[in-house]
Amino acid sequence: MKSRVASMTRGDSLLQRRFMRTAVVSTPGGPEAIQIVDRPMPIPGEGQVLIRVEAATVNPVDAQTRAGTYHDLGWVTVPEVGLGWDVVGTVDALGLGVETVATGDRVAVLIGGVDRPYSAYAEWILASATDIAHVPSTLTSARAATIPLNATTAHQALNLFGPPDGRSLLITGAAGAVGNFAAEMAVRRGFAVTGLARPTDRDVVLNTGASFMDTVPAGLVFDAALDAAAIGDTIVASICDNGMYVGVVPPAVPAMTRGITTQAIMASADGPLLARLLDSASRGEISTRVHSLLLLNDAPEAHRLMEAGGLRGRIVLVPNL
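Heads up: take any position in the sequence shown, counting from 1, add 4, and you land on our numbering.
There could be a bad hint or two in this list.
[As the list claims (entries may be wrong)] Now the in silico label distances, taken between C-beta atoms and shown as ranges:
# : residue 1 : residue 2 : range
1 : Glu36     : Asp207    : 33 to 41 angstroms
2 : Thr134    : Val225    : 39 to 47 angstroms
3 : Ser296    : Asp42     : 37 to 45 angstroms
Derived from the structure by calculation, the hints contain no laboratory data.
We put the beta carbon where it would ideally sit given N, CA and C, even for glycine.
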């Protein structure tokens, strides 16, 4: 009878480990709602890999999950929900049929969804082999961990606009994680990009190649807007008739008006795309910005820092030191 696990690093020591630490929320609330608990070690099934987490990025969607936004929408059904979408780590074990990676490889993955009993804030995580990508040697694990969710979101959101065709594109939150990636990518695609951000972030936006605004003058309109800052209706007023709005918070999509198409995206895992994005980051085509590193046990403090605002760069949790 074949084992469920095709390959395992570190021999019996990992096989004998029964539990791992992970961050979960059982009762939605503030940062104090995050609990660090022990959970059984996951075992990879067919087509899966077990990743020893080296870096997990803290993102606004994690705070929304923790606060109960997705519970209220009925998207969360598990009694304890895990947090985190971005993972970089080392492959520790392979399920049957996995041939694209080997144990010991350093990989990144987007762990999608808000209804998981544990997620990226953990010591180990299971992932589909088709979703992972190798991390270039020139990127640190922390910097690579800023790529999966935010760069994938930016790329997939821009795809919704179609070809640039000389169109003007307003990107809100252009100094933030998704917005900054989107500005860099949109400029390279050929959009006429204007980034909306705080006055203090002028240079951050200009460095993407976009034009900068801290407010949109009355009467100025754009062909399209990518609302990375989730401003909503106010931004729709700055889009021309029959233009297009794309948001990054699906529950908060403005109503259609004046023929403007409105939609939102929640990123989905795509291993080949992630590989291309990591390669772009390694070549300096898109920026990787890390604010600070914190231990897994400090996840509540990471949420407090993020929600205080003003960070330029991601907080990255490092479960295994």
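Results for each hint:
Evaluation of the 33 to 41 angstroms hint for Glu36 and Asp207 yields a pass: the beta carbon distance comes to about 36 angstroms. One distance hint, 39 to 47 angstroms for the beta-carbon pair Thr134 and Val225, holds here, with the actual separation near 41 angstroms. The given range of 37 to 45 angstroms is broken by Ser296 and Asp42, whose C-beta atoms sit roughly 26 angstroms from each other.
Going down the numbered hints, you'll see the structure goes against just number 3.
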